[in-house]
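Below, each chain spelled out in residue letters.
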Amino acid sequence: MKFGVVTFPGSNCNQDMVYVLKEKLNQEVVELWHKNTSIEGCDAIVLPGGFSYGDYLRSGAIARFSPLMKEVISHAQNGGIVIGVCNGFQILCESGLLPGALLHNNNQKFICKNVWLKAESKTARLTKNLHHDKAYKIPIAHGEGRYFANENILKDLNDNDQILFRYCNEAAEVSQDCNPNGSQENIAGICNKNKNVFGMMPHPERAADISLGNTDGLSIFESLLNTITA
Amino acid sequence: MKFKADIDIMPLEALLDPQGKAVSKSMDNLGLDVISNVRIGKHITLQVSAKSKEDAAEKVSQACDKLLCNKIMESYKFDLKEV
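Just so you know, the protein sequences line up as chains Z and G, in that order. According to the numbering used here, the stretch in the first sequence is residues 1 to 230, in order. According to the numbering used here, the stretch in the second sequence is residues 231 to 313, in order.
This is chain Z alone, in the form it adopts within the complex:
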């Protein structure tokens, strides 16, 4: 698969993402500057984490109007795969490719720590091949990660199996006690109705190399690759 990792001014997880896709998963990767006007024939576009445009106005609000985003949006609308992690997820919500919004954490803190995630969707490619009864340890690092959507959207997300991950404890039990940021229904990641656009606040690319002591993140990328090549 050919991946395009987009760099916005202020992105800071782009190189980690390139490293994991290229070195750990042996995929073809091109780096795309946000001012490009072509996605260079990529099959999948990744919007990495960071602080695009210094989080000015709202996280992801300005990046959403970068020239390349026009191409990313049309790629997504044509069924192409788009993955947003952390700030990438915020950009996808701001651009309307994913429903809802990411608000300031309810405790007003920037939270940087490992959390446990329960993979939920059994139909979305990013989580389909994961174990749905175990917890995956993946780090979060955000100040604005409180997922919010109105009741109708939440109902749609649940009804259409669009919820990728919920925050849980080590035993994969979902409760308010393990909700780090006040996200509605412990939501950590979602996809769109067509299940080709994925957004998640936790960073799987930061948990994908044994030298970092945790490779749970690798399973998430592998789930996506396995369902595509299968």
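Treat the hints with care, as some may be off.
What the simulated footprint calls covered on chain Z by chain G, stretch by stretch (three residues with Cβ under 8 Å from a Cβ of chain G suffice, anywhere in the stretch; the number is not a length) [unchecked claim]: (1) 53-66; (2) 98-108.
Here chain Z is said to cover these stretches of chain G; the calculated rule only asks that three of the stretch's residues, wherever they fall, bring their Cβ under 8 Å from a Cβ of chain Z [stated by the list, open to error]: (3) 248-260; (4) 293-302.
No more than 27 Å apart at the CA atoms, straight line, and that leaves these computed lysine-lysine pairs for BS3-like [to be verified]: (5) K193/Z <-> K296/G; (6) K109/Z <-> K70/Z; (7) K232/G <-> K70/Z; (8) K109/Z <-> K255/G; (9) K296/G <-> K232/G; (10) K255/G <-> K70/Z; (11) K289/G <-> K35/Z.
These are computed hints drawn from the structure, not numbers from a lab. None of these values were measured; they are calculated from a predicted model. All C-beta atoms in this analysis are idealised placements derived from N, C-alpha and C, irrespective of residue type, glycine included.
Chain Z is fixed; fit chain G onto it per the hints.
For chain G alone, coordinates are given in the frame of chain Z:
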């Protein structure tokens, strides 16, 4: 004609505003426990060239709807004055 817009953007009433909540609590420390429900938003000013006040209002609304305000979490209102 040139107009100046004063735009107020506020978090929706129904949503928790953690920043406002933290400031509310610190009012107690100041001995100002009569103050509560602090909510913090943004004030944006900008200039707009337009044929009329209505035209200017239309342009400012577009700017708010497309970029300045995310209506999932915020609401906005603005005043226009000719400059």
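Now the hints, each set against the structure:
| no. | hint | in the structure |
| --- | --- | --- |
| 1 | 53-66 | holds (count 5) |
| 2 | 98-108 | holds (count 8) |
| 3 | 248-260 | holds (count 4) |
| 4 | 293-302 | holds (count 4) |
| 5 | K193/Z <-> K296/G | holds (23 Å) |
| 6 | K109/Z <-> K70/Z | violated (33 Å) |
| 7 | K232/G <-> K70/Z | violated (31 Å) |
| 8 | K109/Z <-> K255/G | holds (16 Å) |
| 9 | K296/G <-> K232/G | holds (21 Å) |
| 10 | K255/G <-> K70/Z | violated (43 Å) |
| 11 | K289/G <-> K35/Z | holds (26 Å) |
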